[in-house]
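Visitor: Hints given; two lone chains; assemble the complex.
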Amino acid sequence: MVLYTVCDNTTWNTDMEIICPVNNKGGVGKTTITKTLCEYFSIVQKKSVLVIDLDHQCNLSNRFISMEIHPNEREGKLPPIHPEYDPNDLLFPEWTGRSSIADVYFGKPVLPYQTFIENLDILPANTGSLLAVEHVRKDEVAEKVHNQLAAFLNLEEVKETYDVVVIDTPPSKGPLTTSAIRAATQIIIPSVMEPQPIEGIYGMLQLWKQEQLRRSSESPIHLIGILPNMFNSQISLHNGLLQGLKDNPMIADFVIPHKLGRRVAFAEVDAEGAQPSSIFQLPNSNSAKTEALLFCDYINERIKKNG
Amino acid sequence: MAKKKAFGIPKSLSDGIGETINTGNNNVGQLRYEIVSLSRIQLDNENPRDLLINKNDVIHGVMDNDPNYERKKNELESLETLAFSIRKAGVRNPVELYKDNDNYILISGERRVLSSLLAGKTDVPAKILESKPDELQLRFLQWIENIEREDLTIWERLYNIEQLIGAYKNTSENNQIDSEILSSIIGCSKKQSKRYLDVVLADDALKNALKEAGISDLIKLSLIVGTKDKDQQKKLIEEAAKGASREDLSDVAKTMSNEDKKILSSKKGKNGAGRPRTSIAINIPINKIPTLQTIIENVISSDQTYIKHAPNFERVDWSNANHVKTAFETFLDFVSLISKDLGRN
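In order, the protein sequence lines correspond to chains A and B.
The letter at position 119 of the first sequence is residue 119 when you use my numbering, and the numbering goes up by one with no holes.
The letter at position 131 of the second sequence is residue 438 when you use my numbering, and the numbering goes up by one with no holes.
Just chain B, same shape as in the assembly (with noise of 0.2 Å):
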């Protein structure tokens, strides 16, 4: 008798329909695109905008005394391109928006909304979020349109994040946002996230001095703002307004750090993080040399107590670094030793 024969399903359609059927179950409502009116659709005024020109302005032509009206102008020719295209193949990506009441909040496609209205079109594909999405999602989906494009600006993205996190605040328990927190939402580096969140921290007129010297760079932004001292603030926004690059800039800045380390090294060194200093390292130019001279001769000389030392002195070569630097920490040791002395006394 022959062998009774057994049956199976091809393992590809095995797979098409097992794979078939996780995907409808798992993505529910994610191709869910309508054609929507373009006259229920609202610009978002609280997203960093690239356009300054707004519904209006496209249906009804810019104002003559409008006092944008040379840069809405330009705006209405650059929509111009894109509104052939729809004109010609209709739009291609559905836009983005969220329901509110009647009508719909834009999330994304300003340029497609407004070149569609240009182009004569009264609706046009969108993918509709179900509901409001919460603050903090909002802001986010706006951070991800926004950080795709080029044409955004420094203090644009700022905007963005300081919604975020205001955002953030809003909605989680925590009302503190450091750069771990932020970079967890944004999903950048913490280095990237602690360079915007010092920026846009950084008190208004900070942030104003840097917008109207144009600096355009993080890197540069985060360096100035982390300078504590308002001078030195001062200095290297003029160098950065000169076009210093950020390597300059870092140098500029480290010269100008090194002047003030005692002052700024007495401080960490009292509430620094981490293991407690034992000892402190005094950076000393060239040129202020005499000047210690001066100080370690002078101090010899008041006191009978010091008078006996100053033959040690005598013998040291003042142009010579490596004879002032263990000069000074003789001086520093015999000092400290006498003070002990006279404290037991």
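Pulled out of the complex, with its shape left as it was, chain A reads as follows (with noise of 0.2 Å):
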């Protein structure tokens, strides 16, 4: 058992590829994309993945592994407590048996949680712990909060078990959406063809623009693109605002070619006792999951033109 523990000798450079769906509006569909690529990842391409939950709703988490319900806070949920668990293990006395994904930010060792999905591991959220995180407003605070994640993911250790790290981020621009993309290597911006979502755009743009300037041109965070995420075509406003986007040229090279539909097959796996348990396991003939393969293999491509 090997529990992680952020440290200052950290190295950058990576060719472990850490993709952060992004955008502080919430309801585009981020939990949707984050799970459909962590999937592809580990299913279609036989890849070791680590999925981050930061969200403190904790729906990812739920679906991969049975959150327990915060005994104290109202809709505030825990992780269960780790399979590896061992009460009287004497290296880590502090050790309470849970680990989240909040833990990193408060200095402590975490360790990620298998799912049912072989080569897929989940580091899930903690309501309580992310909501402080992301209320810390102190300038030098915040400072060590957005750094944190990048310094926990550029562990040698991290490194060495997982090729991709995808993480699921909260609906905000706060402290937690800052550390996932100053982590990030890649980011999309997934977005309803509708006038919030698309001002959310702009806002996920201005935080990674911040970021992209102080990042060394050796390791940019590329910006795979826009994806018009639950689009309908029959909606007038979707079609018009995404002509939009693609009419100004500066844009145009960055709008994902590929539109994910708002499908129920997405949300169906997620039920409890769902057989099969992802997109990519129903038969290929679903229209849902040539959907989800005709994007995440367009990601998958970008990324290695990007690497």
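Hint data in this document are derived by calculation from the structure and do not stem from the laboratory.
All C-beta atoms, glycine included, are put in the ideal place defined by N, C-alpha and C.
Treat the hints with caution; some may be incorrect.
[To be verified] Dumping the calculated EDC-like pairs for lysine to aspartate or glutamate here, alpha-carbon to alpha-carbon at most 16 Å:
#	chain 1	residue 1	chain 2	residue 2
1	A	Lys246	B	Asp322
2	B	Lys439	A	Glu218
3	B	Lys318	A	Glu199
4	B	Lys406	B	Glu341
5	A	Lys25	A	Glu199
[Stated by the list, open to error] Derived contacts from chain A toward chain B, CB cut-off under 7 Å, selection only:
#	residue
6	Tyr202
7	Trp208
8	Lys209
9	Gln212
10	Leu213
11	Arg215
12	Ser216
13	Leu237
14	Gly240
15	Gly244
16	Asn248
[Said to hold, decoys possible] Reference listing, derived: stretches of chain B covered by chain A, where coverage requires no fewer than 3 residues with Cβ under 8 Å from a Cβ of chain A:
#	stretch
17	312 to 319
18	327 to 340
Guide: Here it is in structure tokens:
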């Protein structure tokens, strides 16, 4: 058993890809895309994948492991006791047996959970602790938070274990989202083609630019692009806004040419005891699977090209 | 039925998104600032430093037996003002560094680094170049930093240029540098870069003499260096040291070179570039006219062939410059005619 602890001696160049769907507007499909991508890389590409849930709502965590209801916090959730936890282990006496990505921000060691998908591990959310991190406002503390996730993901042990990391971010421009972008090698901005989420694209691009200018040119944050999500070609608002983005030559190259529709199949696989439990385990004739594959293959190609 | 509504993105938002993508993709690393420990920063001694004082002097105080005690003490005092503001508001503009093994070498920000030490700080905000810049780039960065500084002397600037030239020769295949190349490196006019180049390439003895004379004007320096005659150079240095203006100095140079024109122009005629010369202008100062008269009269009376032309010169008014000019031209004409005749015989 290895518990990962953040230390100062991190090297920053890495072959591990850190993919981050971001948009500060909620309900644009960040969690669905995170889920789709991490399953694609582990099931279809057979890579070793770590998925991280930074959203205190814990939806993504809940899909892969059974989160527990927090005894005191309303709507608060906790990761379950880790299957490898041994209360008699003298090596980590302070560890209480639950491991969440929030621990990284408090300088505590973490241990990812295995999921029901081979090659896919998760570091789940923890409502209370993540909210505490998100509400950090003091400058010096915020700066530490911003760097912490990158420092963790750049640990040699982490880089040796995983090929791909996918991070689900909260719908905000707070310290957690900044920390995710700071750690990222690739970002995707999913958006519904509606006015508010498009404002969100602008907000995220500002954050991306700000981080990008601080990067070394050897490790930039590649902007894969804007993903038109939950797209309905019957709605003229969707068509009009998508066309509006494509009409600007400076944006056109960064509009992902694949759309994910609003499909019930994406939700069905989340249901308790669902079989199959991933969209990529559906038969090839399934149109939701085809759509997801097209999108994920495109992302995979773009990452290879960027690399 | 109502007409189907068309939707679009407001232009300002579309522009904003487009420009942000563009800026982000084209400027990776442009704002890469970090906080660096002062103990890991080394001053670059190759860079013409304005200050004599070093990190040790700031940390431990200037030693009593230091040969530059007075100057260093003054510098320490001048750093106090900046140190005061650093204590109050920190270092506002990051210094520039590049990494050298475990340490950093300072590209710009000497005063900020020393004053931070004086203010008791342990680190300083810095922009870090990703790798050691190549020699030419490094010297160029120092040049840009220095050119803005009014307190840098012309000799410090020239030292900077000298290093730029050295770096250029080391990094490019071409080990010759001319004013055109230099002007493209430092971005000044060709005229200005020629002046820099002339002075930099002058021999050390001359440069030392110029330094000692305290001449700090590039135009004056290049004028003196451009004067090839050693005695004339000496005279110009003396004049400049006495405080002659650029105009005064160029007047002096002109007068002196007029006296030497004959020698100079014959040299130029052979090696000078451009169209071959078909004539030369000879300027004879009024006070040399009697000499000219003597030459003409002597030549004419020296030989039978010449003597028949003597009457032509008897009517010359030697106090009239125009007469003298015509007389000299006529003299040249018949001397050359006669020489030709002699040659034929």
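Visitor: Let me make sure I understand: some of the numbered hints might not hold for this structure. Which ones are they, in numerical order?
Guide: The structure breaks none of the hints.
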